[in-house]
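*Asks:* Take a look at the letters that make up each chain.
Number of protein chains: 2
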Amino acid sequence: MSASPSAAVVVVGSEILMDGRRDTNGPFIEEALAREGIASVLRLVVGDDREAIAAAIRVAAARAEIVIVSGGLGPTFDDLTREGAADAFNLRLARAAEIEAALRERFRRRGLTPPESVYRMADLLEGATLLRNRVGSAPGQILGGPPTLALVPGVPAEMEAMVTEDLLPRLRLLHPAVPSVRKVFKVAGLYESEVESLLAPVMERVTALDRTILASPGDVALILRAREHDRPLLERVGREIAITLGDALYSVSDEGIECVVARKLTAASLKLASAESCTGGMLGGLITSVPGSSVFYVGGVVAYSDAIKKNWLGVEDRTLALHGAVSAEAAIAMARGARERARADLALAITGVAGPGGGSPGKPVGLVHIALATASGETERRLDIPGERASIRLRSCRAALDLLRRDLLRAERGSPA
Amino acid sequence: MSASPSAAVVVVGSEILMDGRRDTNGPFIEEALAREGIASVLRLVVGDDREAIAAAIRVAAARAEIVIVSGGLGPTFDDLTREGAADAFNLRLARAAEIEAALRERFRRRGLTPPESVYRMADLLEGATLLRNRVGSAPGQILGGPPTLALVPGVPAEMEAMVTEDLLPRLRLLHPAVPSVRKVFKVAGLYESEVESLLAPVMERVTALDRTILASPGDVALILRAREHDRPLLERVGREIAITLGDALYSVSDEGIECVVARKLTAASLKLASAESCTGGMLGGLITSVPGSSVFYVGGVVAYSDAIKKNWLGVEDRTLALHGAVSAEAAIAMARGARERARADLALAITGVAGPGGGSPGKPVGLVHIALATASGETERRLDIPGERASIRLRSCRAALDLLRRDLLRAERGSPA
Chain A
1 MSASPSAAVV VVGSEILMDG RRDTNGPFIE EALAREGIAS VLRLVVGDDR
51 EAIAAAIRVA AARAEIVIVS GGLGPTFDDL TREGAADAFN LRLARAAEIE
101 AALRERFRRR GLTPPESVYR MADLLEGATL LRNRVGSAPG QILGGPPTLA
151 LVPGVPAEME AMVTEDLLPR LRLLHPAVPS VRKVFKVAGL YESEVESLLA
201 PVMERVTALD RTILASPGDV ALILRAREHD RPLLERVGRE IAITLGDALY
251 SVSDEGIECV VARKLTAASL KLASAESCTG GMLGGLITSV PGSSVFYVGG
301 VVAYSDAIKK NWLGVEDRTL ALHGAVSAEA AIAMARGARE RARADLALAI
351 TGVAGPGGGS PGKPVGLVHI ALATASGETE RRLDIPGERA SIRLRSCRAA
401 LDLLRRDLLR AERGSPA
Chain B
1 MSASPSAAVV VVGSEILMDG RRDTNGPFIE EALAREGIAS VLRLVVGDDR
51 EAIAAAIRVA AARAEIVIVS GGLGPTFDDL TREGAADAFN LRLARAAEIE
101 AALRERFRRR GLTPPESVYR MADLLEGATL LRNRVGSAPG QILGGPPTLA
151 LVPGVPAEME AMVTEDLLPR LRLLHPAVPS VRKVFKVAGL YESEVESLLA
201 PVMERVTALD RTILASPGDV ALILRAREHD RPLLERVGRE IAITLGDALY
251 SVSDEGIECV VARKLTAASL KLASAESCTG GMLGGLITSV PGSSVFYVGG
301 VVAYSDAIKK NWLGVEDRTL ALHGAVSAEA AIAMARGARE RARADLALAI
351 TGVAGPGGGS PGKPVGLVHI ALATASGETE RRLDIPGERA SIRLRSCRAA
401 LDLLRRDLLR AERGSPA
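Chains as they are written, first to last, in my numbering: chain A, 1 to 417; chain B, 1 to 417.
Chain A extracted, bound-state conformation (with noise of 0.2 Å):
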């Protein structure tokens, strides 16, 4: 293809080929180097086998001229990374005195004395560089190669803490690749399909565009890259792009509808209320994921219970009782309720059938209500949500702030809801 490297990442975890969890690590890396222009050729994914890492390894480097190894760096018995690491390649380990230090001295201030094995952790490969694990205290390791090999952590948050801040930057260094461009779209309120035949007519005439749709529930993400010299197509598109989804577009970022509505929310100085039934928490969790939230962010009420709706939201017996509570009336009332009693600018609600049991003819498992208070009254929206549970609730969250946006938007625009 051209001057840029080919990478190889090898997933470490029996617990991966044997106890159906899912490898999220793999893609993560595969999806960062992308980032960077460096193609994945092969991924492989192995137990806590000191001879099937190796042997993995060896496969990778034959194959690639980037080797990124996740997991097996813990203190455990079964964490054999390191072993397996300097097996594929006949090098030695040894252990690291000031890694070691560090270690102890980690472990002092949170009041731990581990068994001394702990410290195989310090273990580097020669010739080796230490790679800092900021989230926890597995280190990684990079060796220059040819091939380059990494060793970072399995555990998620650390490893990708370590391949964003540590990891990245050094293969900058090592391999200057043709740097590959992307753009992002992300979309609410619209089905995957929805999303793809909207945007057919414009996508059947490019073809040198590599494009991709991922989907998760209530989201989905078009991902176009292209090579540099078709950068003018890549911004051309992009704006028709744009003009066909119109407000459906959320953000042209790798974020969350959450982070949009927190930057609106913050520039706007609103605060902003919730109150949640088949959620059951959910809607708030997901805002406050975004670090900063409680300059916008007051709290609110989980009324799980028509008691709680009724005692601390002040929804009417008589609404409960006409309608019952997943109805349009119901969102409305704990909209409001939630809004006057937490003294915000805004609430969002958000009651339905989140199933599996619950559901009858008239309202089935999927039908949820959502709806916005304001200052000039309420909106409501009724969601008729297929699949299960988990995605009912992640589905009906994402809606809730779609709403928002949407009425934020107008707000900025200057014509009020």
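Be careful, since some hints might not be right.
If chains are identical, the list can't say which one is meant, so a pair holds when it fits in one copy or spans any two.
To be verified - As a list, the in silico DSSO-like pairs of lysine-lysine whose alpha-carbon atoms are at most 27 Å apart: (1) Lys310 with Lys183; (2) Lys271 with Lys310; (3) Lys183 with Lys264; (4) Lys363 with Lys264.
Hints in this document: simulated from the structure, not taken from any laboratory.
Following the hints, put chain B in place on chain A, whose structure we already have.
*Replies:* Coordinates of chain B only, in the frame set by chain A:
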């Protein structure tokens, strides 16, 4: 190890390596094999590249007696699994007249006249037998071996039907496997390294058992596997482990602590409420992820702001002024307020510094106070959690559920806290 055969899965598809499309076929096939007592030792993911497919199949065949390749069986130019498999073992491909005829009939009935190249789908490896595709058009195939080689489609619904209905019955005949026995031990409130050193005396004497430790924030799972003839050993070691772990062992099934708490509350007919600050609703979200949680969970308050802590939970100004919102006193007041005002039997409260901002020398990021209110008073625990925001929040939720679980355990034993 014994008579039970090993397997390797090759997943073909550039979209998995390049575009972050998650592979679910590898895990599906590995789980299906595990239920047959067939252990997977390796998974390879390769792009739509004939030479790479051939190389991956050779690597897989060198390490396992059964090789299953998923994907690349369609009719388009980038479907190259048949050719790659032929290259891997120097086999010829021959068009199977009866399969071609069946495909022609299938397209005719659907009113389609596809290009002739589509009939590449009828090419069989010499000696191979057809695997029926009940869902789509691309046939699969199987070669007795050794190694046993099976090619199945990449479209999940087609692959799943073919594996379950046609491939597994054939594998059972070809490889009568030794079923493997498995035990899981789920532990709350301990770090992975603590579990490891606690169990070291038991585990060091045992070599005939396969073991894995899985850790996610606030949750550790130890998994032991044995051959059928080692079942008595597994049972004995299991009893020793249970005694060593004591009350930290919360389950011997693959379930989260929220499921155990749900079962205990339901059995005891107790109602639970929640009051969350730094977790912002995640605890409620976790509790209500269990279907049927409305039986025991009434809801609660997301008390993100001090005003909500005061107005909705009755936390006194004095408590906040004297001790701060992140304090044992605030956690206790929140739990007491939630229990009383939601008219529940029990209430959990969480308040802490989830970071990355908001920390101070006296109250650093990771300081969390959890409290449980019961009819007989309040219990409180201070947590000092390392790591970043997401893991601090998840670990806080699970620690709160564990505080509740241990209280319910004492009540079950007739010695109230």
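*Asks:* Run every hint past the structure and note whether it holds.
*Replies:* Hint-by-hint comparison with the structure:
In this assembly of identical chains, the alpha carbons of Lys310 and Lys183 never lie at most 27 Å apart, being 47 Å within a copy and 46 Å across copies at closest. For the homomeric pair Lys271 and Lys310, the shortest alpha-carbon distances inside one copy (23 Å) and between copies (17 Å) are both at most 27 Å. For a Cα distance limit of 27 Å, the shortest separation of Lys183 from Lys264 inside one copy, 22 Å, qualifies, whereas the shortest one across copies, 50 Å, does not. Within a single copy, Lys363 and Lys264 get their C-alpha atoms no closer than 34 Å, and across copies no closer than 30 Å, so neither meets the 27 Å cut-off.
Hint violations for this structure: numbers 1, 4, all remaining hints satisfied.
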